[in-house]
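Engineer: Take a look at the letters that make up each chain.
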Amino acid sequence: MKVITANFVTCAVKECKTSPASFPLHFQDAELEQQELDFQPEFIRNILPRIDWEALRTISNELGFPSLPDSKPEGDALENEQTLRDLHRLLLETQVTEGKLTCGNCGHSYMIKEGIANFLLPSHLV
Amino acid sequence: MASQETGEAYERQNVHKVYQEIAQHFSATRYKPWPIVERFLTSLTPGAVGLDVGCGNGKNLMVNRDVFIIASDRSENLARIALQHQPHSTVVADILDLPHRDASFDFAISIAVVHHLSTPARRVQAVAEIMRTVKHGSETQEGGKVLIYAWALEQKNSRRGWDKGDEQDRMVPWVRKGDRPQTFHRYYHLYAEGELERDIDNAGGRVLESGYEKDNWWAIATPKTAHDV
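Line order of the protein sequences matches chains D and R.
Residues in the first sequence are numbered consecutively from 12, following our numbering.
Residues in the second sequence are numbered consecutively from 1494, following our numbering.
No lab work stands behind these hints: they were computed from the structure.
Note that the coordinates shown come from a computational prediction; the quantities given were computed from them, not determined experimentally.
Be careful, since some hints might not be right.
Unchecked claim - Footprint (simulated), chain R over chain D, 3 or more residues, beta carbon under 8 angstroms:
#1 12-20
#2 24-37
#3 42-55
#4 124-136
Stated by the list, open to error - Computed Cβ-Cβ distance ranges for the label pairs, DEER-style:
#5 R:Lys1525 - D:Lys25: 14 to 22 angstroms
#6 R:Ala1614 - D:Pro77: 47 to 55 angstroms
#7 D:Ala32 - R:Lys1510: 30 to 38 angstroms
Here a beta-carbon is modelled for each residue, glycine too, at the ideal position from N, C-alpha and C.
Sequences are here, hints too, so could you generate the full structure?
Structural biologist: Structure representation (C-alpha cells):
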C-alpha cells in the first residue's frame, strides 16, 4: 500500500465517519519497501493540492520518517525538483507491505498483507 | 432475497466466492476499457482524485495516469491483480461499507458491479454509498461525478439473447477453461430500461447523462443539492 493511500482512506465503520479521530488511520507494525516508479513532477504538482498535509505529517511521523515541513510546499517551492522528488519518494514509492491500520475512534485494526489493506468488516461491525 | 442478512449470505456464496475462484481466468478475458468509461476518465482534470469501486482486474486504471484512483474490490484475488497499475492504489473493500470519507472525491466509477447485489434495497444502498464519497456541488464548486454501469435486460442481440419482459434475477454461468474446465454460477440482477436512473434518484443522485452501451445501461450522476430536492 502506497503512503499516499492513507490520505484517502478512513475507517469502514459507518459511525466512525463523523468522528475526526477516524482520520487518518494509524499505521502499526509497518514493514516498508521502496518500489521505484517513474518520476512525474507534474503528477506530484497536480496531486499536492488534494493532499491533507496534517494527515500526511502524522502518517510520515508514525512510519519513522524525518519530519515534513509545517506547511505544504506551494508556489516557488513546487519548482524545486528535490522537493518534488522527495514527495514522489514518500507518497508513491514508499510501500507498506505488512502491518495494520488502526482507527483512532473505534480501535478496529485493518490488516495489510503483501501490500494490500483489507477493509472488509467482521459481521459484528457491519 | 427478502432481508439484508440473507442478501449478504447469498452474495457471499453466489458472487464473492465465485470471483475469488475465477479471478485469474476472468482477468485474462478483460483487457479493454469500454468507450464511455474511457471518455469519462480521459475528460478528468489532471490531479483529480477518485474511486474505482469494484475495480476487478483494474483494466480501467490504465486509461488515465494524470489522475489518482483508489481502486477497491471485494475479491482479494482480483484486487491483487489490479495492484500493478501505476500510479494508482488498490485495497480490498465492500461497496456497502467503503473506507472513504464523505464528500471528498472528484469522481467515482463503478463498472458492472451494482448488478451483483441481490435485493432492490441493497442496490440502492450501494449507489448511495458511492454518492456519499464524492464532493457535493455548490454555487462555487461543481459536484463530483459518478459513472455507473449495469448489465441490461434488453440485450436481444447478445449471445445470451435476453430481452424486455424476461426474468431479471439470474444465475449466469462462467466456464473456467483449463485442463479441467469447471462451470461457476454468478448472481446478476439485469437492469431494465430506466431502472438504473431510478436507483440513482432513490440513492440521492441526480442523473446528468445516461445511455446504453454494449449490453449495459450507464449513467453519470452527481449528489443532489438543496436545489434538486
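Engineer: Hint by hint, note whether the structure agrees.
Structural biologist: Evaluated hints:
1. 12-20: holds (count 6)
2. 24-37: holds (count 4)
3. 42-55: Three-residue rule met by the stretch 42-55 of chain D, so holds; n is 5.
4. 124-136: Coverage by chain R holds for the stretch 124-136 of chain D (8 residues, Cβ < 8 angstroms).
5. R:Lys1525 - D:Lys25: 14 to 22 angstroms: For lysine 1525 of chain R and lysine 25 of chain D the Cβ distance comes to about 36 angstroms; the hint is violated.
6. R:Ala1614 - D:Pro77: 47 to 55 angstroms: 50 angstroms, holds
7. D:Ala32 - R:Lys1510: 30 to 38 angstroms: Hint holds: Cβ distance 35 angstroms, inside 30 to 38 angstroms.
The structure shown violates just one earlier hint, number 5.
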